[in-house]
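Novice: Two independent chains are provided; combine them into the complex using the hints.
As they're listed, the protein sequences go chains A and B.
Residue numbers are given in the numbering used here: position 6 of the first sequence equals residue 6, and the series is strictly consecutive.
Residue numbers are given in the numbering used here: position 38 of the second sequence equals residue 38, and the series is strictly consecutive.
Mixed in with the good hints there might be a few duds.
Which residues of chain A face chain B? A partial, calculated answer using Cβ under 8 Å [unchecked claim]:
| id | residue |
| --- | --- |
| 1 | 16 |
| 2 | 173 |
| 3 | 176 |
Which chain A residues face chain B? A few, computed with CB under 10 Å, are given here [claimed, not checked]:
| id | residue |
| --- | --- |
| 4 | 13 |
| 5 | 284 |
| 6 | 292 |
To be clear, the hints were calculated from the coordinates, so they are not data collected in a lab.
For glycine and all other residues, C-beta sits at the position ideal for the given N, C-alpha and C.
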Amino acid sequence: MSKGRFGQHGGQFVPETLMNAVEELLAAYEKYSHDEEFQKELQTLHETYTGRPSLLYYAEKMTKDLGGAKIYLKREDLNHTGSHKINNALGQVLLAKKMGKTRVIAETGAGQHGVATATAAALMGMECEIYMGEEDTERQALNVFRMELLGAKVHPVTSGTRTLKDAVNETMREWTNRVEDTHYVLGSVMGPHPFPTIVRDFQSIIGKEVRSQILKAEGKLPDLLIACVGGGSNAMGLFYEFLEEPSVKMIGCEAAGHGIDTDQHAATISKGTLGIFHGMKSYFCQDEYGQIAPVYSISAGLDYPGIGPEHANLHDSGRAQYVPVTDNEAVEAFEYLSRMEGIIPAIESSHAIAHARKIAPAMGKDQIIVINLSGRGDKDVAAIARYKGVQIYE
Amino acid sequence: MSRVADVFSKGKAFIPFITAGDPHLSVTEELIPAMAEAGADLIEIGIPFSDPVAEGIVIQEADARALLAGTTTDKIFESVKRIRMKTSVPLAFMTYLNPIFVYGSERFIKNAAECGIDALIVPDMPFEEKEELKPYCNQYGIDLISLIAPTSNERIRTIAAEAEGFVYCVSSMGVTGVRKEITTNLGDMISLVKETKNIPCAIGFGISTPEQAAEMSQYADGVIVGSAIVKLAARYGADCIEPICSYVREMKAAIS
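Isolated chain B (complex conformation) (with noise of 0.2 Å):
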């Protein structure tokens, strides 16, 4: 079993994602340890991409704060060197194709691999475009995340048979950010998934609160937090890691 999947064996899983380097990859390098320790399972790194069509305003926004602090793929291969020194936390990179297939897609992987990085999320490959990245992926031990949307359908098979790590189960239709509802009926494509594959599967995309975070871990075996925690970073800066933590402990709590 990958050091992702494991990550699920021992109850609900937690997964926050931030976006590298928003404000500065100095905090991120405090606050990927800091939520570890308060109960993060595993935890979404994202490299910032100029123009991220799978995000909502608030993660669009914290890329753009990134890129303007100077944030490359460089430093922050450099960056995760560093926390990896300080934690043993599974790390998932989120970004776009382009910024991965720019950079080398067989270096980029390689040297991801290199500084302790498990898993890979990219939105906009899906299932028909994956060869660009599965073979490296294989060839250096990394798990390539598959997503499922609530118009997979019957494409849903298809793309759980050949999942590795977790299967990213996107919530609702649209872009990320927080919602008030989700109306999705989950629980029906979760019974597929694991019908076709036994896999863990985790639900991301709008979830924010405590209450949300409870009642999606029924149907799934993780919960992805993302818009919340970055609206806490843009909110407190460099003073976010606090207010993260005890967010995290709060999310973490609700599920346990």
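This is chain A alone, in the form it adopts within the complex (with noise of 0.2 Å):
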């Protein structure tokens, strides 16, 4: 039987060679999950290393300047490592110890979830390997110093577009090759199951926390929640606590690109149809023969041609409504946060900021959105001033 669907979306599609290793990990999830001893380490490393709760902060300036709802931002940026990919790093790296594994392996895009996981594993003393897409290496080369400096080792994939997914089909191949000591720390929301489930777990502690800081500061709920989506991770790590909440409306911004009605774009909900690829059932940028796209989109964390199963299931149920966001918006919204607010926001979270700005100025002003600023922007800085025609030396 097939498990772990989010309606027609999710499934288990790998190969036999993993299947053993997903349903072990299954197992110990299910255990883990339930453990309090477990949940309490993972508590104290969010509280004592990552920085949490991370701050609800109040945009007054960018509020004020739009003139319509009032903007709160979920500042994910200022966990340790610079965005949210730790949440979820630190939740399986202490699962793959607690199953016995002593090596970890990731795919990583920016670089952000390879940083965050080469960090959880320096910090719990496992081997670590980060398999990057070539492309990315040279737009994030500052992120694979970094994994480097952690300890881990990063592999350049040349394969295919060179770029995320196939950082995928590279780590999901290692991972055939060693599964007996080997976690695969999965990124996002995506994947085999349990993995879908699995991240989405680790990263809603981002929307509890939200819950409370908002009612404590507003006493209700937001109206609606902004979030980026690549894969998904940090989206739905905001969205699930209010999925249940039918007042509070959700919005995925996907990569545009340089535009959807260009083939220069990774949005896989406004152009993308179903598909099975990369273990699930889920909508992905391809052709009619069923061969994967490449996709393009200056955030190289938003560079994937497919979508996690539960947000294809909730743009299904018109749960969450999935907008498209390009370069150039994306571009002008890191600077507009950058100037309006003294925080430089990742490019990725920067296509939120992007399309929080064309509607809360039709919002009321007693209505509250809260944009998930998934990461900070210090990685992207060196890219920007290549994108504005500006030569400078990382």
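Specialist: Below, the structure is given as structure tokens:
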């Protein structure tokens, strides 16, 4: 029987070689997700190592400038390692350790998940190898060195389009080579069951904190949640807590690159079709023969041709809405937030900021938007300079 | 007994794999009947996929070459129809679930059956997910081949009980590709299958030399070779037919 479905999406589409590994992971997760000791250990790490809870910041200047809804930023950029990715990496590496694994492997796009995994591995004394598309190792060179500093071995992936999708392919291949002592720390709410559930659960701390923080600040729930979506982990982490709250609307922002009317985008919901790839049934950018399309975004972290199965289902049911945001809009938002609030957002998160700028002015002043500021933008400064034609050296 | 299972009734079977359209479908159309002549008992035709996660670098590159040459699923169906006029050798398609699903699972399997395909091997569709294709395979008379791996352990009985055609025994962990040594206890794996069901077993992944093929044929009813053949296609391009056929003859002799 197929397991791990979200409506028609999800499932466990992996080679037989990996089936026992995903089953073993599922059994371990079912045990430890209900284990008080494990939860306490993880909670302590969140508080003493990551710096949680992350702030929920009222962006007063941005709110006044846009003249509509009150805007709050969930400051995942303030976490240790600079993004929400650490929430999942600590959870999974701790789980792997409990399972008796001694080595972790992971894919990375922008490098945020790779850095988070390398960090958790260093902390917990695990061997760590990271697979990163060669193109991404070039546009995020600093993160490569960062991972190496943390003791990880970084493998540039030269197959296919040399980006995130190919890094996932290569990490899955490596996992089939060595499952006995190795856990694959998948970085988003994607892949075969139980990964979409595990990653969502580890990220759901974002939404849980937002609930108590906004109730304390405003005495009511937000009207709208906005987050960027590649695979969709920071969005799922924010949305999950509020799925049963019909008054809370949700918008995921996908990367439209040069525009969804060009072939240079990564807008899976806007332009993709149903498929089965990377272990899951979901929507993918692909051709009529099921060949996965090369995708493009200025943001290496959103440059992925698929989307997590739970998001695909939220789209089908209409519970969440997904909108495309272009490179240009994201870069403008990157600069806007830097100047307006003195916060340099990751180029991924800038996609969410960009959409808020479009819709906040038309909303009432009594309404509340929470934007997930999933990461900080330091890693993107050189790339944005290049985008604007300024040559600087990292 | 299906045409596929019947392959194994005449002694040990040699099962070569090639990627359709590498370097071009016109070559594939000549190569398959020639391999059958040279002693291939069943031929696996790979439908190229952009992201073949179970493949090593040799078959990844073959898929990329074939796609670059303009190979599509529809063109492959047309080629197989022409191949069927030249040879009656049993044929299996090997491809990933996405090209089948996106084409339309029923449409794909119906077309495959109509152009003379006997079996289907889908490496990223485990036992738990086979309902995606099984009903259509039953309806149109195509054997859906099950795979077992060195890590399958207690899953082997469950998989074997519902297997048809033959069981594809993955010799080693990892992806496809030539290996110097195969260390898995294949004898035990195959005994477990045979205890559950009387069905032929063929070993694949990592086999390239006649010596390895001879050794593997002690345990199994057939030997599958992919990367070693695809390497010849990469090396000789459009002139690959003779070198591949002489390799097929050598391998077939080694297991006979």
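Novice: Work down the list of hints and note, for each, if the structure agrees.
Specialist: Now for the hints, and whether the structure bears them out:
1. 16: holds, 5 Å
2. 173: holds, 5 Å
3. 176: Residue 176/A check passes; min Cβ-Cβ to chain B is 5 Å, inside 8 Å.
4. 13: holds, 5 Å
5. 284: Because about 8 Å separates residue 284/A from the closest Cβ in chain B, which is inside the 10 Å limit, the hint holds.
6. 292: holds, 5 Å
Going down the numbered hints, you'll see the structure goes against none, and every one checks out.
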